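K.L.:
Given the coordinates of chain A, work out where chain B should sit on it, guided by the hints.
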Amino acid sequence: MTDTTWTDTTCADMTCTDVIWIAIGHIDDIPRRGARCVTTPKGRIAVFRTADDAVFALEDRCPHKGGPLSVGIVHGHFVTCPLHNWNIGLDSGLAQGADEGQARAMPVRNEGGALFLALDAPPQPAVAAE
Amino acid sequence: MTQKLVIIGNGMAPGRMLEELLEKAPGLYDVTIFNAEPRVNYDRIMLSPVLSGEKDYADIIIHDEGWYAYHGITLHKGARVTRIDRAAKTVTAANGVTAAYDKLVIATGSAPVILPVPGADLPGVVAYRDLDDVLRMLEIAKQGGRAVVIGGGLLGLEAAYGLRRRGMAVSVVHLMPTIMERQLDPAAAYLLEKALTERDISILTQANTKAILGQGKAEGVALADGRVLPADLVVMAVGIRPSARLAKEAGLTVNRGVVVDDGMRTSDPAIFALGECAEHRGQCYGLVAPLYESAKVLADRLSGGQGEYQGSVTSTKLKVTGVNLFSAGDFADGPGREEVVLRDAAAGVYKRLVLNENRIIGAVMYGDVADGPWYFDMLKRGLDVSHLRDTLIFGQAVQGALAGGCGVQAPGAAVAALADDAEICGCNGISKGRIVAAITAKGLTTLAEVRAHTKASASCGSCTGLVEQVMALTLGEAYRPAAVEAVCGCTDLGHDDVRRLIRAKGLKSIPEVMQELEWKTSCGCAKCRPALNYYLVCEYPDDYADDYQSRFVNERLHANIQKDGTYSVVPRMWGGVTSAHELRAIADVVDKFAIPMVKVTGGQRIDLLGIVKEDLPAVWADLGKAGFVSGQAYAKGLRTVKTCVGSQWCRFGTQDSTGLGIRLEKFMWGSWTPAKVKLAVSGCPRNCAESTCKDIGIICVESGYEIHFAGAAGLEIKGTEILGTVKTEDEALEHVVALTQMYREQARYLERIYKWAKRIGTETIRAQIMDDAEKRQGYFERFVFSQAFAQVDPWSERVSGKDKHEFKPMAVIAEAAE
Chain A
1 MTDTTWTDTT CADMTCTDVI WIAIGHIDDI PRRGARCVTT PKGRIAVFRT ADDAVFALED
61 RCPHKGGPLS VGIVHGHFVT CPLHNWNIGL DSGLAQGADE GQARAMPVRN EGGALFLALD
121 APPQPAVAAE
Chain B
1 MTQKLVIIGN GMAPGRMLEE LLEKAPGLYD VTIFNAEPRV NYDRIMLSPV LSGEKDYADI
61 IIHDEGWYAY HGITLHKGAR VTRIDRAAKT VTAANGVTAA YDKLVIATGS APVILPVPGA
121 DLPGVVAYRD LDDVLRMLEI AKQGGRAVVI GGGLLGLEAA YGLRRRGMAV SVVHLMPTIM
181 ERQLDPAAAY LLEKALTERD ISILTQANTK AILGQGKAEG VALADGRVLP ADLVVMAVGI
241 RPSARLAKEA GLTVNRGVVV DDGMRTSDPA IFALGECAEH RGQCYGLVAP LYESAKVLAD
301 RLSGGQGEYQ GSVTSTKLKV TGVNLFSAGD FADGPGREEV VLRDAAAGVY KRLVLNENRI
361 IGAVMYGDVA DGPWYFDMLK RGLDVSHLRD TLIFGQAVQG ALAGGCGVQA PGAAVAALAD
421 DAEICGCNGI SKGRIVAAIT AKGLTTLAEV RAHTKASASC GSCTGLVEQV MALTLGEAYR
481 PAAVEAVCGC TDLGHDDVRR LIRAKGLKSI PEVMQELEWK TSCGCAKCRP ALNYYLVCEY
541 PDDYADDYQS RFVNERLHAN IQKDGTYSVV PRMWGGVTSA HELRAIADVV DKFAIPMVKV
601 TGGQRIDLLG IVKEDLPAVW ADLGKAGFVS GQAYAKGLRT VKTCVGSQWC RFGTQDSTGL
661 GIRLEKFMWG SWTPAKVKLA VSGCPRNCAE STCKDIGIIC VESGYEIHFA GAAGLEIKGT
721 EILGTVKTED EALEHVVALT QMYREQARYL ERIYKWAKRI GTETIRAQIM DDAEKRQGYF
781 ERFVFSQAFA QVDPWSERVS GKDKHEFKPM AVIAEAAE
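So the sequence lines, in the order shown, correspond to chains A and B.
The UniProt record's numbering puts the first sequence at residues 1 to 130.
The UniProt record's numbering puts the second sequence at residues 1 to 818.
Chain A on its own, in the form it takes in the complex (with noise of 0.2 Å):
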């Protein structure tokens, strides 16, 4: 698999989508239960790398007083951010326990350790199957 962008059809009901998928670097440019920043027009990216190497990204805003996820401790499949300790699901962007809010979480695909991330793409359904 080559680091270029490359687009899907993905068709759900009767709908059928685009989806973009953009080359972002591979996954050893992550430390496990770390992230890094993808930037775009549309504001920064988080992609997590958690310990059992699953990938995931959401926008680098906690949905609490908008701090950057990317930089907060990553334990299991959450994330803590840095400004107030919100629990942030990392599959849904959902904030855990009593706090409530969503950060947009996009899907990232791994393919063989690159990386693609489709930004356009509509936020995964917060029930992960995990």
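Hints are computed from structural coordinates only; laboratory data are not their basis.
It is possible that some hints are incorrect.
[Claimed, not checked] Partial selection, computed: residues in chain B whose CB lies under 8 Å from chain A:
no.: 1; residue: Ala-545
no.: 2; residue: Gln-549
no.: 3; residue: Ser-550
no.: 4; residue: Phe-552
no.: 5; residue: Leu-557
no.: 6; residue: Asn-560
[Unchecked claim] Taking lysine-lysine and the DSS-like style, the derived pairs with C-alpha atoms no more than 30 Å apart in a straight line are:
no.: 7; chain 1: B; residue 1: Lys-804; chain 2: A; residue 2: Lys-42
no.: 8; chain 1: A; residue 1: Lys-65; chain 2: B; residue 2: Lys-4
no.: 9; chain 1: B; residue 1: Lys-636; chain 2: A; residue 2: Lys-65
In this text, all values refer to a predicted model and were calculated from it rather than measured experimentally.
We put the beta carbon where it would ideally sit given N, CA and C, even for glycine.
P.N.:
Below, chain B alone, put in the same frame as chain A:
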């Protein structure tokens, strides 16, 4: 006039006696203690967990220095009494100290029996009696190698287990056919032997030691049957002998021990004997419970009472983790005696009760010991058990179930069924009724409080579960069993336990800690990971690989994150002193990077605010060229040392406070601590550097340096405590550094010095840092060792390329979509 009470010996028995006496009749006596050991009163029962690494010496101290000071007791440490002059009523120690008495208590304890075999005096042959013995064993165990323990009794087996835990190959040599033959019958001994063998301890029974071999040090043990066991360490644990020589030389009546009557009085009415050196009705005791019972009687006598000691029935437990063993009373076969036995081989359970005339006279249990206290209680009270006879062996739960007609017991039902005078804590002789009364009368809600007020579970701790059940019964809903606050939701362990276990088990990485301590989450959380990372950095400064992903962003990026996601940068200005050159460099950086705000901090530094993450390395590169290093204004570590101008400029200055501040900062920068540490040095008591609200502060005076600590001026306001005064700048540095290291090693993560000091007691800290030069030196040296690895400027490292990924995006997407 106050009478003079002199006590020879400072073990657990006189310690307990004093507690009782001080409660009954405070101020009645002027108390002087002579202790041959150079330390305070500690819990000797707990030496085995210290040997195995499951506890520290600090954990087993019963009375710290502050306790003696508080009660006005004179304690001569390391002073062995060599003479009692009964005519003059004085005692004299080897170091020349003499004290006069009105009442004298001999509590000289016992001495280990050393087998009179050739080589018994070789270095490497150690008894198992006091902390020095344990330290000697640990010294040898550090190198690994082989240990032979002579004696398969309680102490010998605990020593063997401890040394095995410390990594030595261990053999136990025992003269008799089965181990612990005084407490166990052969069946239970067999199960125990099997369990110990499974723990890699080899047991040789019917083995008679002939000689200790070795040139200049112990190298092996020769047995009478010709076998030779190689050994780097030989532990003699064959028994104890009451130390009664001093009493004998003074002309008191002595058999095996110092003979006392039921009032603990010797043949001289002004002299009492207590503890393992005493012989009462022909019995010498070596377990703590009877000693505490007689201590109580003696305290009563000394305060004018007429208490009588009636002798004790004892029970035994073995402190080997994972081995459950209980024995009490007499379990030999005999005419007229009946026995009831239950065995479950698969579960490794063995229970045997010996009955005489329908009364329990002995109990041996292995594997399942839950009913031990119940049987022991009936044994001591001599209850007729004929109505229980058929189901007695199945334990109390079955009795309750039968009585209630219900097959399942509610938790705690067994304890609920106990009578008020049933004993819960064997060591201290505390009944259920006393615990309940204390809880109700004093409104106790935590285990620590119950221990403090009743002593229940305060010695060996094996009845802790029972005490908690009594609390649960008494308090109902109000009882919160988690008296220890867990580090976080990932574990039930508190910070202190985690630190202790990291040390004891030699855990060296976060995954290892989580595995061994059974973390409930796969990789922790944002609360526990930074704590664990700190504990490991502190414990293994030389070979722990700092886990950056477990550090808070500020300590990973070496700047302070602000509410808008930008960072602030504070360069170090040693002691708050700067120069035109430095200020110019800062001004240039501010211009070049368009830094929106420059602010002077409370710690006498300059803060540059509003820097974007990507610019940080370049900002540091420019600051570095001017000679700046990181001010660590973001760290749980040494922050700032604030100073006044001191004797160099100030007309009131008594010492060079600025110079000392700079020296401290240069010595201590880079060190990680449980929470931030801020220092200050003021040149005179006018205190312009505000030393009296800092974590550690110094106030210079004409005669030297007054060291303060445990101040706070944040969420809480608290003036400092005075640690002490020293004469020279070097001493001031050594004391401050040692205090910091003590804090580093003992405090919980995120616990500031004032909170830590409040928790462990300022007296304890003072005793270790001011009064104990050896301790102080140890702390100082460990700090210096750790600094060799910690003093690396993180900014220049990052300027040279370390952790590049932290500061750069992994990709830049110019167009959202084409």
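K.L.:
It remains to establish, for every hint, whether it holds in the given structure.
P.N.:
Do the hints match the structure? See the list:
{"no.": "1", "hint": "Ala-545", "result": "violated, 13 Å"}
{"no.": "2", "hint": "Gln-549", "result": "holds, 4 Å"}
{"no.": "3", "hint": "Ser-550", "result": "holds, 7 Å"}
{"no.": "4", "hint": "Phe-552", "result": "holds, 7 Å"}
{"no.": "5", "hint": "Leu-557", "result": "holds, 7 Å"}
{"no.": "6", "hint": "Asn-560", "result": "violated, 11 Å"}
{"no.": "7", "hint": "B:Lys-804 <-> A:Lys-42", "result": "holds, 24 Å"}
{"no.": "8", "hint": "A:Lys-65 <-> B:Lys-4", "result": "violated, 70 Å"}
{"no.": "9", "hint": "B:Lys-636 <-> A:Lys-65", "result": "holds, 24 Å"}
Checked against the numbered hints above, the structure breaks hints 1, 6 and 8 and satisfies the rest.
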